[in-house]
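Number of protein chains: 2
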Amino acid sequence: MPFSPDDLATIDTPAVLIDLDIARRNIERFQHYADSHGLRVRPHIKTHKLPAIAEIQLAAGAVGITCQKVSEAEAMVAGSDAITDVLITYNILGTEKLNRLKALAQKVRLSVVADSKRVADGLSATFGDQTSLLPVLVECDTGANRCGVQSPEAAEALATYIDASPGLVFGGLMTYPPLGGESVVETFMTQAKALIEARGIAVPVITSGGTPSMMQAADAPVTTEYRPGTYVYNDGSLVARGVCGWDDCALTVLATVVSVPTPNRAIIDAGSKTLTSDLLGLTGYGHVLGRDDIAIDQLSEEHGRLISSGAIGLAVGDRVRIVPNHACVVTNMVDTVLVAGDGLSAPTSWPIVARGKIV
Amino acid sequence: MPFSPDDLATIDTPAVLIDLDIARRNIERFQHYADSHGLRVRPHIKTHKLPAIAEIQLAAGAVGITCQKVSEAEAMVAGSDAITDVLITYNILGTEKLNRLKALAQKVRLSVVADSKRVADGLSATFGDQTSLLPVLVECDTGANRCGVQSPEAAEALATYIDASPGLVFGGLMTYPPLGGESVVETFMTQAKALIEARGIAVPVITSGGTPSMMQAADAPVTTEYRPGTYVYNDGSLVARGVCGWDDCALTVLATVVSVPTPNRAIIDAGSKTLTSDLLGLTGYGHVLGRDDIAIDQLSEEHGRLISSGAIGLAVGDRVRIVPNHACVVTNMVDTVLVAGDGLSAPTSWPIVARGKIV
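Chains as they are written, first to last, in my numbering: chain A, 8 to 366; chain B, 8 to 366.
Any given hint could turn out to be false.
Pairs count within a copy or across copies, as identical chains cannot be separated in the list.
Cross-link-like lysine to any residue pairs, in silico, SDA-like; alpha carbons within 25 Å at most [stated by the list, open to error]: (1) Lys200 <-> Thr269; (2) Lys124 <-> Leu15; (3) Lys124 <-> Ala164; (4) Lys124 <-> Tyr40; (5) Lys109 <-> Asp128; (6) Lys114 <-> Asp136; (7) Lys114 <-> Ser307; (8) Lys200 <-> Ala247; (9) Lys124 <-> Ile314; (10) Lys200 <-> Gly324; (11) Lys124 <-> Ile319; (12) Lys200 <-> Asp13; (13) Lys124 <-> Ala318; (14) Lys124 <-> Gly101; (15) Lys124 <-> Thr138; (16) Lys109 <-> Gly174; (17) Lys124 <-> Arg326; (18) Lys124 <-> Asp325; (19) Lys200 <-> Arg31; (20) Lys109 <-> Gly187; (21) Lys114 <-> Ser190.
Worth flagging that the hints you see were computed from the coordinates, not collected in a lab.
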């Protein structure tokens, strides 16, 4: 029991708890799957935002980390000497960000993405005077309908453009696939790869990602690398999708009942400032461990409302542990998490080093 | 124009912008209404979390501030000598919080709430040895179905209990009403006041709150004090409810278009880590100023998806200004806001002093 009953009774609430034993098991589980299928793992740090957990992922066999924003990458690199290889899966625009990216490229092996000439042009203008080329992957839209070029032919055109741009080298293909999109990924990437290679340009990396379908990653064998994020902690959305069980959830929110106004209603001191409003398609704002009868049916910023169909059986001062719908967004709400397990003698407060890094 | 076109073209994005001229106008508008109806104003600082804006509210005539958590009150008090009167509208439980509350009571005129004997007992155990009594208001549930005693008789019983508790003095009645709940507030509070006064206990304060119906606050004339929060900035939810117009929204999110993958879709660099997932009953995650045709139909953490029924007419690198659905939660996402107007010579970065204060 990484968190003892006494810990759970005395920790000031609300608090975000991390069970490192579970996190380590989750990391090793996917690394084993990836290793056995010849896939490299490049975890997305958006879930934990912690250099110390990135170090566990790297020690388990990850080839580097994925970040979404330049400021996030800066914070992670500053936080660990073990982080030497960073992919930023985001279109980077603007003088300030590009200058920061250039400084970061002096410190680690850095690669980025682009899905338009405009983004490639900015990168080239910044890196054109460098002797070592910046690898730029082409982001492909394989059905998530977010960023990305829309066809293998568009990927080919942009890869060719990048390859001819001063300071840049084409780094491969990247996608964030829709749930269950392995066959689309396989078709799109195979075609794009063939088109690009036919131009005499190598495609060193084909990277896909997302925890929900990570155990089907090998169903798109053209993929060389996978970028799961949430898998380290898991959450209610992944339990609902059958990806894991409650016992695999390393992140929980500890909350105190502050009011029991009616027999079937209790109010806790964790609201949207802790659990967030993310529903991810679920009903309710989190799962109270051990209490399948309770729904968290409403959040305001500092209040969570728990409703039971029968008597709620909670008293003011009682504590509950909640698995949130979405772990990644919860770690962005708090300055620290309380970590236990993995040889730590007592729960320890870790600052969320890369919290709130949005630029 | 507090933010010049050049500012808007060069500020690193995403950024949360505050137009202080609009904020000041919003503050003065409600203060004028309250003054003309004999209502005291005690703004909830959850919206701005900034001592400097609390000072504007106090200078305009507010009698003090409202906070939700002890740590929030600590941060605000530490940030301004002008803050000398604080109401914490939350049931405070647990040794650590109670000790911090006691320390805070040495610095400012402090009052808190309770809706159960259990909460009153904790307060009394902590403040029982004090010579100056802690005012404790009874929180009443007037239909919001969150915290609060359920009837005027229950309010009477708890007021009597508090009044007899060592270290405490009954401080009045508090409610967070449902939208349009003025008549329920009037009935509940009038009955509770009469019952409590019949016991020979004074009811010095009856405090209600909430921006959505603040201009109907005087429809519950038993109320002596009002606690609006969002009114300082306004937001999309208040525009939708007809409380204000877009020109009254002091908080906007500046974002850059990072991708235009299809003719009717654009992706911006502000996602749920900036705009939040709060819908507050609306469709879409914010309003793009000047573009009624655009819906922000999907957010991931760092991406916002803009969809238009026709050609979206945006290019990579373009910037948009967004009024979020809910201003209060946005200021909890970022470490700083960029403030302009009100005599500032240039946009200035202000740290969000009371951000993330959840305990």
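Checking lysine 124 and leucine 15: alpha-carbon separation at most 25 Å within a copy, between copies, both or neither?
Answer is between; shortest inter-copy Cα gap is 23 Å, intra-copy 53 Å.
Can you give me the call for lysine 109 and glycine 187, within, between, both or neither, at a CA distance of at most 25 Å?
Neither: 36 Å inside a chain and 55 Å across chains, both beyond 25 Å.
Which holds for lysine 114 with serine 307 at a C-alpha limit of 25 Å: within a copy, between copies, both or neither?
neither (43 Å within a copy, 29 Å between copies)
Under a CA distance limit of 25 Å, which applies to lysine 124 and alanine 318: within one copy, between copies, both, or neither?
between (61 Å within a copy, 20 Å between copies)
Copy assignment of lysine 200 with aspartate 13, given that the CA separation must stay at most 25 Å:
neither (56 Å within a copy, 42 Å between copies)
Checking an output row: lysine 124 and alanine 164, CA cutoff 25 Å. Within, between, both or neither?
Classified as within: same-chain Cα gap 10 Å, cross-chain 71 Å, threshold 25 Å.
Within a copy, between copies, both or neither: which one fits lysine 124 and tyrosine 40 at a CA-CA cutoff of 25 Å?
Classified as neither: same-chain Cα gap 36 Å, cross-chain 54 Å, threshold 25 Å.
Which holds for lysine 124 with aspartate 325 at a C-alpha limit of 25 Å: within a copy, between copies, both or neither?
For lysine 124 and aspartate 325, only the inter-copy Cα distance (15 Å) is at most 25 Å; the intra-copy one is 57 Å.
Evaluate lysine 200 and arginine 31 at a C-alpha cut-off of 25 Å and name the case that applies: within, between, both or neither.
neither (35 Å within a copy, 57 Å between copies)
Within, between, both or neither: how does the pair lysine 200, threonine 269 come out at a Cα-Cα threshold of 25 Å?
between (62 Å within a copy, 22 Å between copies)
25 Å Cα threshold - placement of isoleucine 314 relative to lysine 124
For lysine 124 and isoleucine 314, the Cα distance is within 25 Å only across copies (22 Å; inside one copy 52 Å).
Intra- versus inter-copy proximity for isoleucine 319 and lysine 124 (alpha-carbon distance at most 25 Å):
between (58 Å within a copy, 19 Å between copies)
The structure fails hints 4, 7, 8, 10, 12, 19, 20, 21 (numbered hints given earlier, in ascending order).
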